[in-house]
Amino acid sequence: MSLIRRLVFGTNPRRTVVRVLVLAAISFVIFRFVLIPIRTEGSSMLPTYGPDQLRLVNLFAYRWSVPARGDIVAIEMAGPHVLYVKRVIGLPGERVSVMEGAVRINGNPLAEPYVKHRNAWDVPEVTLGPAEYFVIGDNRGMSVADHDFGRVDLPRILGKVVF
Amino acid sequence: MPRRTVVFITVLAVLTAGAWYVLRSGDEGAPIRRRLQQFVDDVNRGATDSRSPETRAAHFGSYFTDDVEIDLGRGATLIKGRDTLVAMTGRLQPRIAAFSIRFEDIAVTVASGGQSADVHLTAEFVNRKAPGERSLDAREFTIDMRREGEEWRMRRVAAVETLK
Numbered sequence: 003m004s005l006i007r008r009l010v011f012g013t014n015p016r017r018t019v020v021r022v023l024v025l026a027a028i029s030f031v032i033f034r035f036v037l038i039p040i041r042t043e044g045s046s047m048l049p050t051y052g053p054d055q056l057r058l059v060n061l062f063a064y065r066w067s068v069p070a071r072g073d074i075v076a077i078e079m080a081g082p083h084v085l086y087v088k089r090v091i092g093l094p095g096e097r098v099s100v101m102e103g104a105v106r107i108n109g110n111p112l113a114e115p116y117v118k119h120r121n122a123w124d125v126p127e128v129t130l131g132p133a134e135y136f137v138i139g140d141n142r143g144m145s146v147a148d149h150d151f152g153r154v155d156l157p158r159i160l161g162k163v164v165f
Numbered sequence: 379m380p381r382r383t384v385v386f387i388t389v390l391a392v393l394t395a396g397a398w399y400v401l402r403s404g405d406e407g408a409p410i411r412r413r414l415q416q417f418v419d420d421v422n423r424g425a426t427d428s429r430s431p432e433t434r435a436a437h438f439g440s441y442f443t444d445d446v447e448i449d450l451g452r453g454a455t456l457i458k459g460r461d462t463l464v465a466m467t468g469r470l471q472p473r474i475a476a477f478s479i480r481f482e483d484i485a486v487t488v489a490s491g492g493q494s495a496d497v498h499l500t501a502e503f504v505n506r507k508a509p510g511e512r513s514l515d516a517r518e519f520t521i522d523m524r525r526e527g528e529e530w531r532m533r534r535v536a537a538v539e540t541l542k
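If you read the protein sequences in the order shown, they are chains A and B.
The opening residue of the first sequence carries number 3 in this note's numbering; numbering runs sequentially from there.
The opening residue of the second sequence carries number 379 in this note's numbering; numbering runs sequentially from there.
A few of these clues could be false.
[Said to hold, decoys possible] DSBU-like, lysine-lysine: derived pairs with alpha carbons at most 35 angstroms apart: (1) K162(A) - K458(B); (2) K118(A) - K162(A); (3) K458(B) - K118(A).
[Unchecked claim] Computed list of chain A residues with no C-beta within reach of chain B, every gap over 10 angstroms: (4) G81; (5) P82; (6) H83; (7) V84; (8) H119; (9) D150.
Calculated from the structure, these hints are not laboratory results.
Here a beta-carbon is modelled for each residue, glycine too, at the ideal position from N, C-alpha and C.
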C-alpha cells in the first residue's frame, strides 16, 4: 500500500470508511437538530456580536426551561433560515420602557454591562403578556429607527445563541 | 461487488426515487413557489436586460392582481392597485437596482378549490454592491395569492411584525 493511500485510508480502509460515515452521521444530527450554525449580519448586536461571525444556536436550550434575562436568543421569522439575534431584557408580565437610553423594568433601571454605546432612546412603557419576552440588540448607539426590537412570543424563540 | 450489496443499493435507490416522486407530485404549492421565484428573478434582473422601462413595468405588474394591496407595516402608506404599484416601481427603479431580494422559508397553503392560496415567507434584501453580497434587511410577509386563468397573482402583500 502506498504511503499516501495508507495516510488517507489507514491500515484498515473498511474501518476508516465506517468511522467517517459514523462521524458524518453524528455531525449531521448535531448541526441539524441540536446546534445549528448561523452567520450573523448587521450591527445591532455590537459590540457583543459583529457581522460575518459564525455562531451556534442551541435548539434544546428552552425545551425544559424558559429564556432568562440576559440570554441572547435566535428568533424565527417565517422559518429557521433567517433569524433575528437579540438579547432578552424583559420577562412575561413585566413592564418595560426605555428612558434616555436606560432600560427600566417595572420602573427600576436595568444594569446592562454589555451595552457600550448608548443614545438617548425613549420607548414608551409596554406590559408583556404571559408568554411574551422583550428583546433588543446590544448596540444602542445606533438610531432607534434603524434598530429592530420589541415584544416576541415564546414560540418564535428558536433557541439560545451559545458560542 | 457482492450481490447482496447490489440488491440493497437498488432497493434504496427505488425507494428514494418513489418517495421523491410522491412528495413532489403531492405538493400543491409548487406552481406558486415557481411563480414567486420567477418574480424574484425578474426583480433581481433589474434594469440590466434589453427591455424598455414600459415593457419591464408591465411585466412586473403581471405578478399582481388589478386590486392588489401592499401593506408594508407600521408607518408605511397602504399601496392600492396595480397601476399605482407599477408607477411607484418605475420611479424607484434606480434604488431598487441597488439591491436584490431572496425569498426564504416559503410556506404555501392552497385553499380548497385551488383558486387562492396563503403564502408566508421571509424576504431578504441584499446589497448587490457590498462585498459578499451583504444582507441589508429581512422582513416577514404574508401574501394572499389568487389564480387568474393559468397565472397565480399576488392579491395582498402584508408585512408581519415579528417583533411587536
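Hints versus structure:
A C-alpha spacing of about 40 angstroms is found between K162(A) and K458(B), which places the hinted pair above 35 angstroms, so the restraint is violated. Restraint check for K118(A) and K162(A): satisfied, since their Cα atoms lie roughly 22 angstroms apart, inside the 35 angstroms limit. Using a Cα cut-off of 35 angstroms, the hinted pair K458(B) and K118(A) is violated, with the two alpha carbons roughly 44 angstroms apart. The non-interface label for G81(A) is inconsistent with chain B: the shortest C-beta to C-beta separation is roughly 3 angstroms, within 10 angstroms.
The claim that P82(A) is not at the interface with chain B is violated, since a C-beta of that chain comes within 10 angstroms of its own (minimum 7 angstroms). Against chain B, the non-interface label of H83(A) is violated: not every CB pair exceeds 10 angstroms, the least being about 4 angstroms. In this structure V84(A) is not separated from chain B by more than 10 angstroms, as the shortest Cβ-Cβ distance comes to only about 4 angstroms. Every CB of chain B lies more than 10 angstroms from the CB of H119(A), the least distance being 21 angstroms, so the non-interface label holds.
Non-interface call for D150(A) relative to chain B: violated, since the shortest CB-CB distance, roughly 6 angstroms, does not exceed 10 angstroms.
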